[in-house]
Amino acid sequence: MRLLVCIKQVPDLEAAFHVAADGRWIDEGDLAFRLNEYDEYAVEQAVLLKEQLDGEPELTVASLGPGRVTEAIKKALAMGADRGVHLVDDLGPRRDPWQVASALHAAVREEAYDLIFTGFQSADRGSAQVGPLLAGLLGYACLTTVVGFEYADGRVNVRRELEGGVKAVVEAALPAVVTCQLGLNRPRYPTLPNIMKAKRKEIRSLPVESLLPEAPRVETERLLPRPKRAAGLVLDGDPGEVADRLVPILREKVR
Amino acid sequence: MKSLLVGEFRQGGLIEATYELAGFGAACGDEASMLLVGSPDNPPLFAGRVYLADVAWVGESAPGAHRDLVLEAIRREDPDQIVFLHSSYGWDIAPRVALALGVGQVSQVVAVEPGADARHYTVPIMNGKLRMQVVPATRPVVVTIQAGAFAPLVSESAPSATVALQPASADPAAAGGTDTAPAERLLGYEAAERGGVDLAQAEVIVSAGRGIGTQENLAAVRALAQALGGELGASRPLVDAGWVEHERQVGSTGQTVAPKLYVACGISGAIQHLAGMRRSGYIVAINKDREAPIAEVADVLAVGDVNQLLAAVLTRLQNEA
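Chains as they are written, first to last, in numbering that gives the first Met the number 0: chain F, 0 to 254; chain L, 0 to 320.
Hints are computed from structural coordinates only; laboratory data are not their basis.
It is possible that some hints are incorrect.
Stated by the list, open to error - Using C-beta positions, here's what the derived DEER-type ranges look like:
hint: 1; chain 1: F; residue 1: ILE194; chain 2: L; residue 2: LEU44; range: 53 to 59 Å
hint: 2; chain 1: L; residue 1: PRO42; chain 2: F; residue 2: ASP29; range: 51 to 57 Å
hint: 3; chain 1: F; residue 1: GLU70; chain 2: L; residue 2: LYS259; range: 44 to 50 Å
hint: 4; chain 1: F; residue 1: LEU90; chain 2: L; residue 2: ASP77; range: 30 to 36 Å
hint: 5; chain 1: F; residue 1: GLY153; chain 2: L; residue 2: PRO39; range: 35 to 41 Å
hint: 6; chain 1: L; residue 1: ASP77; chain 2: F; residue 2: ALA172; range: 31 to 37 Å
hint: 7; chain 1: L; residue 1: PRO181; chain 2: F; residue 2: GLU70; range: 38 to 44 Å
hint: 8; chain 1: L; residue 1: SER38; chain 2: F; residue 2: PRO65; range: 48 to 54 Å
Where a beta carbon is used, it is the ideal one built from N, C-alpha and C, also for glycine.
Isolated chain F (complex conformation):
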């Protein structure tokens, strides 16, 4: 069985962000990067499935982006993926979802993966399109926003998370793409021995130009700051001072 997990490296979202000089993306200058949180659940689920099947499946991790994304690929290798594929693209963060899905499709279509896991969205762009687009291009079944996953005998049975706490129970035959929602599992922390082993695992680099003739279907005009709303009250100072001012407000609002 051949498994694939598609991941994205995103900025740490606790940072303050500034618009790049050309106005079309953020300035990446001082930012720290991490594996997209939704993709952590995807990697974990793929590794769990590999373990369920006694290690037989080969698990590949693929990511599109500049050189730095190999760090995210290595984390996935340390969590248990067997080999990595890096679609080298300095403009990775600026591509639209169609371009990302097209490039991934070009890279994997000959590989006959049985199951492809990916996060349901990226934490930075949040388009939630690449998984379903890739499934459609491959002609695979697609199960999105999955919070429960079971596999048996060539079929997957999942819980899709809907609104209001309701879940849909859906099943499909392989091959399939599964997009993963937060809470699907508990992503493991790579152990030091596994981090060391990951250094010896292969990461194949593919220049994206060979995979991406596609123009974007949605173009970025510019980035804008978040609209500043007419001021809410900001209380600052030591905890005692802040509490002195906050408590009367709370009392008044619960009256």
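Starting from the known structure of chain F, arrange chain L on it as the hints suggest.
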């Protein structure tokens, strides 16, 4: 310009947020029609033309079949944009429609502006800390709209025309679809766990987020909820970690609440959380980060270490009691 709105129907009823689609169509100034896989006995309160496929034969969650019905309505209406909610349904169906048409999709629209060439759409990025303005390079374009970003529009008159879409109307070959047997089969639903907490009824909610740090610190948040006569709520990470029951989760995939007072403790304000509580009467946020997205909706932002601030607030409340 023309919009085709794709409404939502589930477990026997129309999803209320469907009317936000109508509100968006009006905000665009478009001539709007609607496609709904729903019940002919229960048409939506929408003034334009409605293409209605009976959910009894299509099924509630048959993505390929729903896609093909949307494509059929598109063939008949030739809209400039096809609009979904940014919801579990939109995430599933919208990209399939965009792919079948070979067109672009803009996700999570919060604002729209006319442009010389084409409409400009504004979407949040970086968890809402920045916004991005985009232009589609295709016509039509598929869009999904953020929950709560556009006011709902409920019509007082019946649809101007209701067109029943029958199985024969949806021609898979013409649509480019290949569904003879559905790839994804809905087996049923699992209801939300109900343990006697109904946040939707609470007048005061005090919620805890990742910023509280450890599970032990939850006690202070509970104590504040109690002192204020309210209920404990939580953001998603605490529920996923098993610290709090799922029915206390506030957000688009948990409970949507609008209490008189909402106090957010150590919650940064992820888009999905804001969608669940931004209509609250009065919002107090306690957070160490004055740039946290929750500041966008908070009436009061108390800046500092959430655990220290909670302790100071509790001391004063308990002394006065």
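We went through each hint and held it up to the structure:
In this structure the hint that ILE194 of chain F and LEU44 of chain L lie 53 to 59 Å apart at CB holds, the actual value being about 58 Å. Distance hint for PRO42 of chain L and ASP29 of chain F: a CB-CB separation of about 55 Å, consistent with the stated range 51 to 57 Å. Taking 44 to 50 Å as the suggested C-beta distance range, the pair GLU70 of chain F and LYS259 of chain L conforms, at roughly 47 Å. Our hint of 30 to 36 Å for LEU90 of chain F and ASP77 of chain L holds, since their Cβ atoms are close to 34 Å apart.
The supplied range of 35 to 41 Å is met by GLY153 of chain F and PRO39 of chain L, whose beta-carbon atoms lie about 38 Å from each other. The beta-carbon spacing between ASP77 of chain L and ALA172 of chain F, approximately 36 Å, falls within the hinted interval of 31 to 37 Å. In this structure, PRO181 of chain L and GLU70 of chain F meet the distance hint of 38 to 44 Å, their C-beta atoms being roughly 40 Å apart. For SER38 of chain L and PRO65 of chain F, the Cβ-Cβ distance of about 50 Å falls inside the hinted range of 48 to 54 Å, so the restraint holds.
The structure shown violates none of the earlier numbered hints.
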